[in-house]
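Colleague: Go by the hints and put chains B, C and D onto chain A.
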Amino acid sequence: MTNSIGEIAEADFILAAGTNTFDAHPIIGIKIKKAVANGGTLAVIDPRLTDSAKLAQYHLQLKPGTDIALFNGLANVIIEEGLYNKQFVEERTEDFEAFKQTVAKYTPDYVSEITSVPADVIREVARGYAKAKNSTILYTMGITQHTCGTHNVFSTCNLAMLTGHIGKESSGVNPLRGQNNVQGACDMGALPVVFPAYQPVAVEANREKFAKFWNVEKMPDKPGLTVGEMIEAAGKSVKAMYILGENPVLSDPDANQVMHELKSLDFLVVQDIFLTETAQLADVVLPAASFAEKDGTFSNTERRVQLVRKAIEPIGDSKPDWEIICLVATAMGYPMSYDSPESIMNEVAKVTPSYGGISFDRLELCGLQWPCPTPDHPGTKFLHANKFVRGLGKFNPVEHIPPNEQPDAEYPMVLSTGRRRYHYHTGTMTQRTGALEVFYPEEYLEISCEDAGKLGINDGDKVKVTSRRGQVEVTAQISERVTPGLVFTSFQYPDVPINRVTNAARDPISKIPEYKVCAVKVEKVS
Amino acid sequence: MATSQCGELAQTDKDVALQSLLDQYRDYKGGLIPVLQEAQNIYGYLPKDALQTIAKELRIPFSKVYGVCTFYAQFHLKPRGRNIIRVCLGTACHVRGGSKIFEAAKEHLGVGHGETTEDLRFTLETVACIGACGLSPCMMVNDETHGRLVPKQVGGIFDTYE
Amino acid sequence: MKNLDQIREKYKEQYKEKIGKTRIVVGLGTCGIAAGGGKVMDAIKEIVAARGLDADIDFTSCIGMCYREPMVEIALAGAPSVIYGDIFADNVEALIESHIVNKTPLYELACFQIPGDATPYEGIDIMDKAPYYEKQIRSVTSRLGRINPESIVEYIATGGYEGIEKALQLDRMAVIEEVKKSGLRGRGGGGFSTGTKWSFVYGAQGDKKYAVCNADEGDPGAFMDRSVLEGDPHSILEGMMIAGYAIGADEGYIYCRAEYPIAIKRLNLAIAKAEEHGLLGDNILDSGFSFRIKIKAGAGAFVCGEETALLNSIEGLRGMPRVRPPYPAHKGLFGKPTVLNNVETYANVPFIIRNGADWYAAMGTEKSKGSKVFCLTGKVNNTGLIEVPMGITLRDIIFAIGGGIQNDRPFKAVQSGGPSGGCIPAEHLDTPIDYESLGEIGSMMGSGGLVCMDDTTCMVDVAKFFLNFTQLESCGKCTPCREGTKRMLEILQKICDGNGVIEDIDTLDRLCRVVTSSAMCGLGQTCANPISSTLRYFRDEYEAHIIDKRCPAGVCNALLVYTVLADKCTGCGACLRACPAGAITGEKKQPHKIDPAVCIKCGACIQKCKFDAIIKA
Amino acid sequence: MSKVTLTIDGIQITVPKGTTVLEAAQQAGIFIPTFCHDPELSRPGACRICVVDIPGARNMPASCVTEAGEGMVVYTDTPAIIEARKTNLELLLANHPEDCLTCHKNGNCRLQDYAYYYGVRPGAFTGEKHDYPIEDDNPFIVRDMNKCILCSKCIRMCEEIQGNNAIDFSFRGFSAKVGPAMGTTLSDTEISNCVFCGNCIAVCPVGALTEKAMLGKARQWEVEKVTTTCPYCGVGCQYDLNVKDGKVIGVTSTDGDVNGRALCVKGRFGYGFIHHPDRLTTPLIKKDGAFVEASWDEAIGLVASKLGAAKDTYGPDAVALLSSARVTNEENYLMNKLARAVIGTNNIDHCARL
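Here the protein sequences line up with chains A, B, C and D, keeping their order. Start counting the first sequence at 1; every next residue gets the next number (this note's numbering). Start counting the second sequence at 527; every next residue gets the next number (this note's numbering). Start counting the third sequence at 689; every next residue gets the next number (this note's numbering). Start counting the fourth sequence at 1306; every next residue gets the next number (this note's numbering).
Treat the hints loosely; a few may be bogus.
[Unchecked claim] In the DSS-like style, the derived pairs of lysine-lysine whose C-alpha atoms are separated by at most 30 Å in a straight line are:
1. B:LYS632 / B:LYS574
2. C:LYS961 / B:LYS555
3. A:LYS222 / D:LYS1611
4. C:LYS823 / C:LYS896
5. B:LYS604 / D:LYS1434
[Stated by the list, open to error] Facing chain C, from chain D, some residues (calculated, C-beta under 10 Å):
6. PHE1340
7. ARG1353
8. ASN1364
9. MET1365
10. CYS1369
11. THR1371
12. ARG1390
13. ASN1400
14. ALA1429
15. ILE1454
16. PHE1474
17. PHE1476
18. LYS1482
[To be verified] Examples of chain B residues lying across from chain C (beta carbon under 8 Å, computed):
19. ASP553
20. LYS555
21. ILE559
22. TYR598
23. PHE601
24. VAL653
25. ILE656
Note that these hints are calculated values from the structure, not bench results. For each residue, glycine too, the CB sits at the ideal point set by N, CA and C.
With the rest of the complex left out, here is chain A (with noise of 0.2 Å):
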């Protein structure tokens, strides 16, 4: 996030896009509730009716993956009527003129045909969002799990910058982070081109830092592979993973596929806390401590880092994660041990800048917010004050293109999927609480009453959703929040594995699967 939670309460205007925060960031509901009881404008950008939807003045009920045209509609209503910040745009960005051209023919009644969102109400919002003192913009998998993920992204951005709302108080571009430390594993340099604090590693300068501060003689230059291309390549180039609590044959698009590349593995070792679908395909199964029996960090979704404590022991003979690294890395004959995470994070804060100033004793106080690049530095509550992080801001003009997979006659509908209130992620964790489950024990396919109809679906009934890749069962819902040819579920759920149906097409720079958008046809089980 550019921004901090706390300010989005205060914002005047509040775009949220592909975002059922109520649902999936209940906290930042509240800030978002916040803003409207303080007279602040909310307007939502989804396919779904969402508890968010419900309450914000506009909803921009559009078709799913037509954001970019929505967006330059935007731009192109802001642009024509000069409501842009002439200013902003002169001196902080560059690229405007590409830009201006670009959405010049995405005007109200173009984009309305495109997203069937009524030309007015993109108007109004258009002058809502220029005209407020502070707006922002709030997204979250609805943006980005699209093949064109990226180009959402930047068009939400170009927003941003076309009328300044950006670099200040209450204003800015904001990705809601869907898990407890996306951040953090990011910041971290669990990622395949970068080091900690995104230090490239294509970078040679960075590539001696490293090898010199790790004692080793040189670092990997080659770019790596994402997930997707990871368990594509498994079995083929890739022939051992070490998979650390994540779960990817229930969360990971077309999953049997999933499934049938890691058993092609020759060895994968999972490290978790529940023998969770994917460690039951696992050669070693390490377990691992739960949060509550370790200490650490987390870096939550505005950049703030907070103390993990520990408040028992491990459970059985299981260690904290860090621990069991370490005496992998030892084994393969690399000696790491540290007394504490606490030193882990010491020798974090000296090779990632943005978190230099970042110890335990600090964060006893309070968390902090990277960057906080010395011990006497106080921590960033937004981002791009003066200046962007790469100077200029750049215009990204970008062109709608539609999902990769589109409805047709054998599989007329389109399948979105997303998260519940009560459950969290593949539900390895909530489905296992006495009480979340309990209240919310099974999971349904939200469906039109018009689709419902034509189909012969009652509430109720047992449906079967399939598409090119796999079938999947789910009990039926009639439902107000989705329009007629969507239908939606989670992936929260073992008995619905609904990502052995979805499409496993990839934006082609985050490598994002498109989960948001697959064809699919909806079938009665008799």
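Modeller: Relative to chain A, chains B, C and D alone:
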């Protein structure tokens, strides 16, 4: 309000009336109480579904709508009689035997305070004062006030209301 | 600025012409209707039509003599108006026969006359000199029972809207100064200086301001506001307009009890008429001042008489009081500066502006100026609506105006101020009525209900009655009121049931003290007054209930013992046959006996006994 | 900012203008009891337990809503004030169950604390008590409205912080009750709009609202509270793990940087997996298609040799590491180090894309 499978409202005349009432009050500041008053005129009481519609359309939390309904004596969540009898038990009526009038009314109708006769003809209530103290003891039937009552008159008065 | 002169002259002519004809006017205020005025009206129409009489038929509101309702006024062309009382469907024909056909007033039913320019009839009191009106003054109530309240013509013809016309020519602050100088204090009970209140709102910052009229008259025993609303609705509108102009408001709300349907109907009519005449709406009389008034019907909660609860109710919320400060003058309706006055206060304003502050300040006492409207009810002979100068004594009100206690029973107490007020005993009958003196004797002005009580009224029962009321009407927000009223009521019930112990008096005393001092709003802070005032003046009655297990007034059923007086009983057996419980025994022609263990205290025996031989005590 | 100086119980204190008498007293170290006051929520001034004596004021003002004024003199412990507080406590107790022995809040209950402090015993008033059924038809929250003192903190929390408006007052006076519309229960979510965040529990000063799973698990004083970061979504809420005898028995609110006291249903009620019997407690090695328990040495040895063999045979890029968005920064850092420094590959990723 019954909803058919696809969410179109299977509307009764009353539901239509409620919708047009809500259209008038959608942007009206502080419109909840007048809406409830008029909705009660439409339905004779405040059915749950109507309250839920009102909450949704006026964008007022249902809990708050219910809180308002139960705060004010005027609102009723159960069906009521065609004729509402309010026996005054105000100070003046009290000292002049208002409770005897109330007893007589109860006996005549066979229902207690706040109750409705089976044929939905009468609902019997008490009221703290109807401001006709000079004529105490008194009561109101619908909007009509009857004063200087004696218990044996009560039945005869009720008989004039269908 | 435009003025109303032309319209006024025209309406005066119309009005003069109207009252110059033979006419019959029926009082159709709520009390008139309650007493059967509607049927009288129907009968009059029928008779006039059947006989082909040349008489206009009209209606008016309550003139205040509730004890003589239904009332009918008859005036022959060029002759005095005679106001008759106790006119029913069965004597109305005789009345018309006598007064209109035979041109002779029906003396035995005549209450008083208003001669105007005509020669008075002999043998009928002139209004000002009639015993009921002699000690009254008629200012706020001057149009009540005298004009058709649904006619703007008659309002304007009788000086209506002269106040706003005059105010609009003054500087806003000058209007406030005038109200301040008049000494007018809030008639809703609090007694705060109206002009000072307005000056706070005048000075408050706000892009919008409101003038709100509290017409949620909820005190049992009070109907002053209702009478004014029904009888002279335009005066409220005019008073609010003047307030709105003075403080800088362009919108007003009247919060009126839903139990007053006639008042609401007439107010709506008055608003429509005023708008038609350009007296409400944009740019009133070309002065640049715009003002609109909306009516909000209350929904049945006494606490909404409390000003902040009332504001919440207008906003569509539960009528729970708000914490003060901020006061409504700074943060009132919808968070905007708001002036809140009750009906009677607003009704006074046009008169003050029209006649000047000095005229007003000449009435009343040093600290309490002007007149006050009271509702005289309970066990007094002449019940009704009265307007008296501040400073008059209770004795004058109850005995001179009210004609004393019914059936010549002894006066015991008068309850003033409704559930917030207290019971005033005979020893204070000579107290001059004003805000301060009523407070000193443990009661309060309140809105102006005066409920008279005689020796058959049990003061513990009265306290219980009021606590039952406040307990049901407590909003429940603050602890002392919500829980305290409940426990006070339970203790009073216990005492009335004969289960009281002497410590209960101390407990009540303590609860009165704590609830009064620590409750949040006016309702809570005053709800103990009925107990504390009766404890102060009638402690012996409490003690009789607790120690002697006796209700001196013979009211508390559980404590009553029915006994047959042997010397009066003739042994007729009527009581024995009437007793549903079989508690009475006795041989024929021998004195009977009542078994107290069996007696259910229904009182049937007393009603049957022709010899006053059964007593309860 | 302008300042005002006032005297409370003879102690002079200077505070910024706008400070309430209650806040000023707290700053001066003077105790004033409160039920309905909460610094984060709006101020109804309703419970009246915090009343004080300010000579010249009408009645007894509630200190939580009375602004400190220049030269103001305040007394917090006059006999009249003590009498008012005691009586109001007696009134509350008169309509409160006397089951402190088995109440979950015992030891952390304001009503109990103040009754103790002022020496108030139940029984001063007899009479009607509420007899509402206890609401426990959901797996998260138990509502016992007989214990409710109507301070309305839960209502305000739900409205002002959580924004769900699941509950409000209904009825009035002695019959006033806190609950969802139509008198239904929270689990009727179509009506209640409740999302079971349990934030109402966090502000309840008495035992009216409790975490269902914590009932009967520990007395208040037996619990050790460990502040930590929630392991679910990316917001990073802070909360307290409640630990007794080495077991996590519940989650309660603390004051987090991001979330304050607010949590969501997963954070507050989703901790049960920690002690779930399915937890892996020992390393497993698959032999002939079935897992068998193994020692750490055995398992680590096997992992190291297999990863080493793949690296040696096919080169470092034949090994791929999938790190985790669920584990700590330190652990991700070590995975990154393991991949790059130990194995020598950039094949490291995690599922940031989900």
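Colleague: All hints, please: hold or fail.
Modeller: Outcome of the hint check:
| no. | hint | in the structure |
| --- | --- | --- |
| 1 | B:LYS632 / B:LYS574 | 28 Å, holds |
| 2 | C:LYS961 / B:LYS555 | 25 Å, holds |
| 3 | A:LYS222 / D:LYS1611 | 23 Å, holds |
| 4 | C:LYS823 / C:LYS896 | 44 Å, violated |
| 5 | B:LYS604 / D:LYS1434 | 26 Å, holds |
| 6 | PHE1340 | 8 Å, holds |
| 7 | ARG1353 | 5 Å, holds |
| 8 | ASN1364 | 5 Å, holds |
| 9 | MET1365 | 5 Å, holds |
| 10 | CYS1369 | 9 Å, holds |
| 11 | THR1371 | 9 Å, holds |
| 12 | ARG1390 | 8 Å, holds |
| 13 | ASN1400 | 6 Å, holds |
| 14 | ALA1429 | 8 Å, holds |
| 15 | ILE1454 | 8 Å, holds |
| 16 | PHE1474 | 6 Å, holds |
| 17 | PHE1476 | 7 Å, holds |
| 18 | LYS1482 | 9 Å, holds |
| 19 | ASP553 | 13 Å, violated |
| 20 | LYS555 | 6 Å, holds |
| 21 | ILE559 | 5 Å, holds |
| 22 | TYR598 | 3 Å, holds |
| 23 | PHE601 | 6 Å, holds |
| 24 | VAL653 | 7 Å, holds |
| 25 | ILE656 | 6 Å, holds |
This entry does not satisfy hints 4, 19, going by the numbered hints stated previously.
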